[in-house]
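Asks: Chain residues, written in single-letter form:
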Amino acid sequence: RKEVEQDPGPFNVPEGATVAFNCTYSNSASQSFFWYRQDCRKEPKLLMSVYSSGNEDGRFTAQLNRASQYISLLIRDSKLSDSATYLCVVNENNYGQNFVFGPGTRLSVLP
Amino acid sequence: TAGITQAPTSQILAAGRSMTLRCTQDMRHNAMYWYRQDLGLGLRLIHYSNTAGTTGKGEVPDGYSVSRANTDDFPLTLASAVPSQTSVYFCASRKEPGGMYNEQFFGPGTRLTVL
Chain A
4 RKEVEQDPGP FNVPEGATVA FNCTYSNSAS QSFFWYRQDC RKEPKLLMSV YSSGNEDGRF
64 TAQLNRASQY ISLLIRDSKL SDSATYLCVV NENNYGQNFV FGPGTRLSVL P
Chain B
18 TAGITQAPTS QILAAGRSMT LRCTQDMRHN AMYWYRQDLG LGLRLIHYSN TAGTTGKGEV
78 PDGYSVSRAN TDDFPLTLAS AVPSQTSVYF CASRKEPGGM YNEQFFGPGT RLTVL
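Residue numbers (this note's numbering), protein chains in the order written: chain A, 4 to 114; chain B, 18 to 132.
Hints listed in this document are in silico derivations from the structure and should not be mistaken for laboratory results.
Keep in mind that a hint or two might mislead.
List of simulated lysine-lysine pairs, BS3-like, C-alpha gap at most 25 Å [said to hold, decoys possible]:
1) A/Lys45 with B/Lys112
2) B/Lys74 with A/Lys82
3) B/Lys112 with A/Lys82
4) B/Lys112 with B/Lys74
5) A/Lys82 with A/Lys45
6) A/Lys48 with A/Lys82
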């Protein structure tokens, strides 16, 4: 069965904290990887793609470990506005119909 | 730009009734998708269309049908609703069906309750 697993959460952290989310995937042939953000009762939106060499976008850093079939997302200096559910998404053959979504990890950043 | 619109926003439907969820995109994307999202589960693909005139089945197609008469519209029909179809339904689109890092864009969703 196609499977993407994530930290169950929820994560409750104070403003300014650093938080890391983990994701594992079962299909070793998976081609591309993403983190999406979903606010409560809203649609998912792309946060960042995850490249083989790892990539950073401001306070957000994504890492990929193909050997361990593991993806991570690090958020530094958490803001209240970072509160959301973070979805790990794996694409098994680069076709859109093969996006596999994890169940998500909910983050609450507390004042 | 509106992006993707879905209608209705929410609906309560009696079991056994039929319903069509509407999805329209104005980005001229070739590929479109329907997902359902249930608590504790990831989004699951119902049906997809890689280009106008073609459709395919996703992970959970039973009880649903789609059509893709043109590029912009991708309606999802429940022929005879059952309570297990209570869910949040998201329509999505992608510029091309393939490509390593093509983003999927999502509509705002339709909350459907089947009683």
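Asks: Confirm or reject each hint.
Replies: Hint check results:
1. A/Lys45 with B/Lys112: 21 Å, holds
2. B/Lys74 with A/Lys82: With Cα atoms ~40 Å apart, B/Lys74 and A/Lys82 exceed 25 Å; violated.
3. B/Lys112 with A/Lys82: 32 Å, violated
4. B/Lys112 with B/Lys74: 19 Å, holds
5. A/Lys82 with A/Lys45: 19 Å, holds
6. A/Lys48 with A/Lys82: Roughly 18 Å separates the two Cα atoms, so the pair holds.
Going down the numbered hints, you'll see the structure goes against 2, 3, while the others check out.
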